[in-house]
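Engineer: Protein chains in written order, with numbering that gives the first Met the number 0: chain A, 0 to 317; chain B, 0 to 420; chain C, 0 to 290.
Misleading hints may appear alongside valid ones.
Output of the computed footprint for chain A on chain B, the stretches with three or more beta carbons under 8 angstroms from beta carbons of chain A [unchecked claim]:
| hint | stretch |
| --- | --- |
| 1 | 118-126 |
| 2 | 186-197 |
| 3 | 320-328 |
Calculated cross-link-like contacts (lysine-lysine; reagent style DSSO-like; alpha-carbon spacing at most 30 angstroms) [said to hold, decoys possible]:
| hint | chain 1 | residue 1 | chain 2 | residue 2 |
| --- | --- | --- | --- | --- |
| 4 | B | K349 | B | K37 |
| 5 | A | K77 | B | K126 |
| 6 | A | K77 | B | K349 |
Simulated from the structure, these hints should not be mistaken for laboratory data. In this text, all values refer to a predicted model and were calculated from it rather than measured experimentally. Positions of the beta carbon are idealized from the N, C-alpha and C atoms, including for glycine.
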Amino acid sequence: MKLRVNAFWLSCAAVVGGGLVLTEVLHNDYYFNALYVILQGTLMAVAWNILGGFTGYVNFGSAGFFAVGAYTSIFLDKYFGHTLPLPVLIAAAAAVCALIGLGVGYLSLRLKGVYFSIATLAMAIVFATLISNWRYMGGARGAYILTPDTYLWFHSYIQMLFMVMLLLTLGAVAISRHLNTSRLGHGLAAIRDDEVAAECAGVPTLRLKLISTTLMGALMGVAGAPYPFFVTFVDPASAFSLFVAVNAIAMPMIGGTSHWIGPVIGAVLLGSMQQVITVTVSSELNVLLVGVMLVGFVTLAPQGIVGLVQKYWRRRTR
Amino acid sequence: MMKRRSFMRASLASGVIALAAATGSLISFPAQAAKPLKIGFSMALSGGLAGAGKAALIAMEIWKDDINKKGGLLGRPVQFVYYDDATNPSTVPGIYTKLLDVDKVDLVVSSYGTNEISPAMPIVMRKKLVFPSLFGLAVNDQFHYNRYFQIMPAGPEPKTDWSKGFFELASEQNPKPESVAILAADSDFALAAAAGAKVNAKKYGFKIVYDKTYPPGTPDFTPIVRAIQAAQPDLVYVASYPPGSVGMVKAAREVGLKAKMFGGGMVGLQFAGIQKNLGPMLDNIVNYHFWVPAKTLNFPGVNEFLKKYEEAAKGKGVDPLGQYLPPYAYAYMQVLGQAIEATHGTDQAKLAAYMHKHTFSTVVGNVKFGSNGEWAHTRVLMTQFRNVKPNDLDQFRKEGTQVVLYPRQWKSGNMVYPFNK
Amino acid sequence: MLSVDLLSNALVAGILLGGFYAAVSIGLAISFGQLDIVNIAHPAFVIVGSYVAWILNSRFGFDPVLVGVLAAPAFFLVGMVMYRIYYAAFERTGQESLSGLAFFFGVMFILEVGLMLVYGVDYRLVSASYIGKSLHFGWVGVPFRMLVPFAVALVMTGGIWLYLSRTFTGRAILAVAQDPLALQLMGADPVRIKQFAFGLAIATTSIAGSLLIMIGPVEPSIGRDYIGRVFAIVVLGGMGSISGMFIAAMILGVVESVVSTFAGPSWAPAVAFGVLLLTLALRPSGLFGRR
Chain A
0 MKLRVNAFWL SCAAVVGGGL VLTEVLHNDY YFNALYVILQ GTLMAVAWNI
50 LGGFTGYVNF GSAGFFAVGA YTSIFLDKYF GHTLPLPVLI AAAAAVCALI
100 GLGVGYLSLR LKGVYFSIAT LAMAIVFATL ISNWRYMGGA RGAYILTPDT
150 YLWFHSYIQM LFMVMLLLTL GAVAISRHLN TSRLGHGLAA IRDDEVAAEC
200 AGVPTLRLKL ISTTLMGALM GVAGAPYPFF VTFVDPASAF SLFVAVNAIA
250 MPMIGGTSHW IGPVIGAVLL GSMQQVITVT VSSELNVLLV GVMLVGFVTL
300 APQGIVGLVQ KYWRRRTR
Chain B
0 MMKRRSFMRA SLASGVIALA AATGSLISFP AQAAKPLKIG FSMALSGGLA
50 GAGKAALIAM EIWKDDINKK GGLLGRPVQF VYYDDATNPS TVPGIYTKLL
100 DVDKVDLVVS SYGTNEISPA MPIVMRKKLV FPSLFGLAVN DQFHYNRYFQ
150 IMPAGPEPKT DWSKGFFELA SEQNPKPESV AILAADSDFA LAAAAGAKVN
200 AKKYGFKIVY DKTYPPGTPD FTPIVRAIQA AQPDLVYVAS YPPGSVGMVK
250 AAREVGLKAK MFGGGMVGLQ FAGIQKNLGP MLDNIVNYHF WVPAKTLNFP
300 GVNEFLKKYE EAAKGKGVDP LGQYLPPYAY AYMQVLGQAI EATHGTDQAK
350 LAAYMHKHTF STVVGNVKFG SNGEWAHTRV LMTQFRNVKP NDLDQFRKEG
400 TQVVLYPRQW KSGNMVYPFN K
Chain C
0 MLSVDLLSNA LVAGILLGGF YAAVSIGLAI SFGQLDIVNI AHPAFVIVGS
50 YVAWILNSRF GFDPVLVGVL AAPAFFLVGM VMYRIYYAAF ERTGQESLSG
100 LAFFFGVMFI LEVGLMLVYG VDYRLVSASY IGKSLHFGWV GVPFRMLVPF
150 AVALVMTGGI WLYLSRTFTG RAILAVAQDP LALQLMGADP VRIKQFAFGL
200 AIATTSIAGS LLIMIGPVEP SIGRDYIGRV FAIVVLGGMG SISGMFIAAM
250 ILGVVESVVS TFAGPSWAPA VAFGVLLLTL ALRPSGLFGR R
């Protein structure tokens, strides 16, 4: 066990180191923009999977958490006159979305399966309408966040955002991995497989579900918090976009939902493909890609890439 | 038999090769000698704004072909490097950094729409690039960038200039109307236009008796029209996107809206497919437009351009007549091209200075920018639909169905008032 | 401000709108409400129906509703094929909850982009002689543009309700979700019954699409506005109940219309979904749900 734990943390350190090296070596901001989007997708996918893959509750309203995170960031930045540093904004977004996640957790008491999913969708629409009508934050007109001038020792603001997102994503992956391999994770899996039986067997289903939804909410809020600084203009239509919600589901499904590394693989694969297509073939095909990959994987490889790999290993060891 | 067939094949092959060589030699003149001049941008080719984006791209490519036929810019062939931003703002920073850092384009222009223009601003500002911009409302009010140039003719105060014409026309009527109802779609352009309308309403002394917004995706506007009617406004100013514009026009006709003036800021009533479908329901609506076939707007090159556009737009699933956005997409490239030729280069500082000082002659008339990058003089037209026949696309190609009422220097006819005769 | 004629018009408009919502949701009431298939691509199929209506209306001048009805058998076949794929990939292996959902998400995107690639993104509209005219009963106005969809929806809902309760296949459809084994013992093959039912659900999208494009302009991505609404209506009405769905659609239409008239249209979606959330919190089986 000790060796494996070290391997994980070592690779994390290597990734962080690699990221820092990139910021020194690469002066083309393009790569950092592209990597930022991929990392954001990864963070959302990992967060979604905590509730979806591990616990078995499908969240349709991921865009809602993401957008609330983004708008929390905007609100605090405006209210305090651009004086709060980014980590504070991220922490605040995490806290707000964690609370919402907690609420959603209580919702799961009354609603199971598809009803839960519909409720998350309804919740996202209610939030979108509320924010659209909130004039202070620009409402449906959107809000501008101007790129700050300070970016520590990096060569540009996007490099700093990239490193921030990298650290946040690795943090989320670590949390997800811990959940997956710990006793907590076994409890979640029990809920996913048969909630009633789990309850009968003494698993504290409510507490575990609340932990699951709160974590998911917090991490999605974290993914949304730096977004306004990335795009400079946020309006409800783009923050609450269906694309964000579908990617959050598609990436873990393609990668594999039962293992913590699944969403990472799915996000890196799908995210990179989307980035490449944007700057090569470049058209509606990007959306078609998500559709086709989703349908393809889901029909032919329902356990995702992780499942395919596991099947392959099993066949080899036989 | 074999010999004849192989002889035939050989002669056919050599004929093809000869033909290819001949054609190739024709094509390789004029532009192979000089390095291409690359202009980079992102454009909404899919997603919500794709209708406008695709039409704009067609217009820009017509400009590129026109300019290359004349030998290019500075003797270099013009080449576009563009990517689809899918009406998704998060793709824009990546696209513009790729264009500048990887593709190494010489110049950039914007995408279409506030959502897609804004994310590019920090990048172009950092690199101090001239940024010709296609139809974003008051983006520069936030950034105060002195190398931003907006081709939408609602300047120098875009937010209020948009609706100024509507209210000025209203204030000229005798007896003067008293009240106005304002409805806007819950989206950035419409809300900005409505905010400007409120300012104008107060300035011209009208009482606001209804002031609401509607969410996109509203299927039926009958309750909204009835609620407006209940407030008994003399004027009804609507800032809407195509589904709302169509919905409001149809509902207003069905309910029998009794207002004296109706229209204002309805996007979509300039699109050929919608104009054809609404037909006589459009009569007497006073709405904004940027260009209509009127003798006062017969600028050099605009009719030729529209003919080329119509040809190019066939089968592409975009507006077939292209009177709204495409002439401006062509014009903003003209502005850039003329500035490059005049300053004999692509020095961004010189280009910016030239573009601020000079008046350009384009297919949409004379273009002069103010200090904030918006037009120095507004040219948001207020036009009125007149005697529209049902199901007839051709009538919109000719003068007569859309009469220009404002600004005065472009006026082509008198106003019919009140609206519901 | 609360005047009688304004209120009565708001109610009438809401009822007509509700009828239209019912037409859009009835297919989902079958596929989701009775067969438990989370067909999130349902609104996308409706948009395809709108495009079929547009093509035949603009080229040949056929009445849109007529086109919707004539095209329904083709949609029925497509639905059957889709179900076959869905069954083979998911139901048989027990994966339907998440994978089936993701499958339909993918289908939705493919349909939307397909339409964009073939027909472009310009708004499409239909014309018919009665669009733009309205009936007036005293101070209440009833536009044909809304009345025709309401009438068609009423006929469609009534027809399907009768079918499900009176014919053998219909009752088999009602039975198949409740107790497939018992159904088998009664001599019907559950898979074939479900296939038929899903085909029926998709066939309704042909008609619903023609109604949609009659009410307003259509372009490929507007289906997304309806995803939330149709699921809300089916859940609110109660899974498995056609009459419940119809009443839920009415409620949603009236709430949207009244809120729009008196409070302002921007609050209509929040209220509608607030109603849904409230129902889910207090009575998750919906108004007329059997479970």
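Engineer: Each of the hints needs a verdict: does it hold here or not?
Structural biologist: The hints, checked one at a time:
{"no.": "1", "hint": "118-126", "verdict": "holds (count 5)"}
{"no.": "2", "hint": "186-197", "verdict": "holds (count 4)"}
{"no.": "3", "hint": "320-328", "verdict": "violated (count 0)"}
{"no.": "4", "hint": "B:K349 with B:K37", "verdict": "18 angstroms, holds"}
{"no.": "5", "hint": "A:K77 with B:K126", "verdict": "26 angstroms, holds"}
{"no.": "6", "hint": "A:K77 with B:K349", "verdict": "36 angstroms, violated"}
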